[in-house]
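So you can see what is in the structure, the chains are spelled out below.
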Amino acid sequence: MSRIYFDNIAATRVDDEVLNAMIPFFTQNYAVASSIFSHEDGIVVQEALENARAFILNKLNAKDYKCVFTSSPTESNNLALKGVCFAKKAGNIVISKIENLPIINIAKNLQKKGFEIRYVGVNEKGYVNLDELESLIDENTILVSIQHVNQEIGTLQDIGKIGYICKQKNCLYHADATFSFPFFDIDLSKLNIDLLTIGSHTYYGPKGASALIVRNSVEIEPLIDGGYQEYNLRGGMQNIPAIVGMQKAIEIFNKDTFNYIKSLKDYFLEKIKQIPHIRINSPLDSSHPGIANVTFLYIEGESLTLRLNLRGVSVITGSACFSKSLEASHVLLSCGLSHELAHGSIRFSFGKFNTFDEIDKTIEYLKEDVAFLRRLSPLYKEG
Amino acid sequence: MANVPYSKKVMDLFLNPKNLGEIENPDAQATEGSPACGDMVQLQLKVNKDTHIIEDIKFKSFGCASNIATASIITEIAKGKTIEEAKSLKYSQVVDELGGCPQLKFTVQFWLFNR
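Heads up: the protein sequence lines correspond to chains A and B, in order.
Take our numbering: the final residue in the first sequence is number 383, and no numbers are missing along the way.
Take our numbering: the final residue in the second sequence is number 115, and no numbers are missing along the way.
Extracted from the complex, chain A is given alone in its bound form (with noise of 0.2 angstroms):
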């Protein structure tokens, strides 16, 4: 029996285009990306690596910017924040209290070895407060780091307005895409975006690519040294047959693929109302177009999730039992929450392989689920 997979945002399947694209750079041209004085088979991979990086940086409209090749959103984050503020040797750094854990972690870090780190809050549908956040900003401010979307409500922010107050108070800007890109166009030509995180995972590409994408102006301190890879600024051998992947996720990419999933989701949601006793906590407008966390009353997510996986049913939950750290989701508890409803959430992420079909089979399945674990609860009153 196949399984019904809602865990997009975690990972999506590569598109059989995208591996494709990948196979010959592990059968045939499968040399170390070299300089131009190097033997034929490596000039041919070093091609295919310059020739992505003139891609995304032609996508992104990013002129005078690099594109520095990580292994993974994470590390592209962490030499962001780390490089950015190594070179500047002391201030604060200001971040949205709903970032991803990577961001949050090297926030943690970063506050261990001298850095004052400054939370900015978010409303009850995760919107970033902008008048808050103008007021966190001052002279010492280094960096400000506020994701373009959120990982689990899927809430947009408005980059241009966050890019423009920095740009007011003269302070770097880092976004971090990998949520977001290539589903919203980023234009950094017309946003002031100083470093920008995009990952390949969550768009048909492989895992083990990443970039950072820098500009040139912006120094930043590199994390690991090696033999003189990615403008010196990341050692190590780049993963090309991911990086030629990556590439061709996003060329393949399209509107069709994004208002497919976008449909997905309404439809979804649409059908979930049939559930008495719910509550949506992501926004309708201005938000990933496959993203829908949905809290189910006087129920605990882990015991839910756990009955739709034996269903065959994949999602994931935003109660501390779920967790590594036994916390409730702080995005969830960061929009006004109250731990009972975090610990009722569950997120659904769709993407371009499920079909609606495997939604209504879904809806089925937690109408019986949701009533089972309602008669456990001594939360719940019939009637």
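Please keep in mind that the hints were generated in silico from the structure rather than gathered at the bench.
Here a beta-carbon is modelled for each residue, glycine too, at the ideal position from N, C-alpha and C.
Wrong hints could be hidden among the right ones.
What follows is a list of derived Cβ distance ranges for each label pair [to be verified]:
hint	chain 1	residue 1	chain 2	residue 2	range
1	B	L20	A	G236	23 to 31 angstroms
2	B	Q93	A	S325	37 to 45 angstroms
3	A	S286	B	I83	42 to 50 angstroms
4	A	S217	B	S7	13 to 21 angstroms
Keeping only pairs whose Cα atoms sit at most 35 angstroms apart, straight-line, the calculated DSBU-like set for lysine-lysine is [to be verified]:
hint	chain 1	residue 1	chain 2	residue 2
5	A	K381	B	K46
6	A	K108	A	K82
7	B	K90	A	K381
8	B	K58	A	K273
9	A	K207	B	K8
10	A	K271	A	K361
11	B	K18	B	K81
12	A	K367	B	K49
13	B	K90	B	K49
14	A	K367	B	K18
15	A	K88	A	K167
16	A	K381	B	K8
17	A	K59	A	K262
18	B	K18	A	K381
19	A	K262	A	K190
20	A	K63	B	K8
21	A	K167	A	K125
22	A	K361	B	K8
Model the placement of chain B on the given structure of chain A, informed by the hints.
Okay, now just chain B, sitting in the frame of chain A:
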């Protein structure tokens, strides 16, 4: 069955909990935990006044699979024992009955048990 980090016994109780429900006019009731914690159990007992034997015990719970299975097995172990015998139950006995539990879930159970 899908790969799960729980024993067969825990999964069985999670899907088919025993002694689920409420008792009308219970002789004793306890509610521990809260939805804020993500773990909550309500126990209701009917106790024979003369023999102190727990004649009936029912539970309701809000929580993960560990929570539900633990609450269920507690009612199974306690039923038919006297109040005094039930009080002397050890947490480790429950874990053994359940066939073990994922390391992380000990917090959940341990907390549940030491109330």
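Hints versus structure:
1. Judged by the Cβ atoms, the range 23 to 31 angstroms given for L20/B and G236/A is violated: they are separated by roughly 56 angstroms.
2. Distance hint check: the CB atoms of Q93/B and S325/A are about 29 angstroms apart, inconsistent with the given range 37 to 45 angstroms.
3. Checked against the hint of 42 to 50 angstroms, the C-beta distance between S286/A and I83/B comes to roughly 58 angstroms, which is inconsistent with it.
4. Hint check: S217/A to S7/B, Cβ distance near 58 angstroms, so the stated range 13 to 21 angstroms is violated.
5. Between K381/A and K46/B, the direct Cα distance comes to roughly 22 angstroms. Compliance with the 35 angstroms bound is thereby established for this hinted pair.
6. Among the hinted pairs, K108/A with K82/A is consistent with the structure: their alpha-carbon atoms are about 11 angstroms apart, no more than 35 angstroms.
7. Of the pairs offered as hints, the one joining K90/B and K381/A holds, with about 33 angstroms between alpha carbons and a cut-off of 35 angstroms not exceeded.
8. A threshold of 35 angstroms between alpha carbons decides the hint, and for K58/B with K273/A the separation of about 32 angstroms falls inside it, so the pair holds.
9. With a C-alpha separation of about 34 angstroms, the suggested pairing of K207/A with K8/B holds against the 35 angstroms cut-off.
10. Pair hint K271/A plus K361/A holds up; C-alpha atoms about 11 angstroms apart against a cutoff of 35 angstroms.
11. Proposed proximity of K18/B and K81/B is supported: the alpha carbons are some 17 angstroms apart, at most 35 angstroms.
12. Only pairs whose Cα atoms come within 35 angstroms are accepted, and K367/A paired with K49/B is rejected, the gap being roughly 42 angstroms.
13. Annotation: proposed proximity of K90/B to K49/B holds, straight-line Cα distance about 24 angstroms (limit 35 angstroms).
14. Between K367/A and K18/B the CA atoms are separated by roughly 22 angstroms; this keeps the pair inside 35 angstroms, and the hint holds.
15. For the suggested pair K88/A and K167/A, the alpha carbons sit about 18 angstroms apart, so the restraint of at most 35 angstroms is met.
16. A threshold of 35 angstroms between alpha carbons decides the hint, and for K381/A with K8/B the separation of about 30 angstroms falls inside it, so the pair holds.
17. Simply put, K59/A and K262/A have alpha-carbon atoms about 23 angstroms apart, close enough for the 35 angstroms limit, and the pair holds.
18. Distance check on the hinted pair: K18/B and K381/A sit about 20 angstroms apart at the alpha-carbon level, within 35 angstroms; holds.
19. Between K262/A and K190/A the alpha-carbon distance is near 26 angstroms, which keeps this suggested pair within the 35 angstroms criterion.
20. Between K63/A and K8/B the alpha-carbon distance is near 59 angstroms, which puts this suggested pair outside the 35 angstroms criterion.
21. Distance restraint check for K167/A and K125/A: the Cα-Cα separation of roughly 26 angstroms lies within the 35 angstroms cut-off, and the hinted pair is therefore satisfied.
22. Restraint check: the Cα-Cα separation between K361/A and K8/B comes to about 26 angstroms, which is no more than 35 angstroms; the hinted pair holds.
In summary, the structure is inconsistent with hints 1, 2, 3, 4, 12, 20 from the numbered list given earlier, while agreeing with the others.
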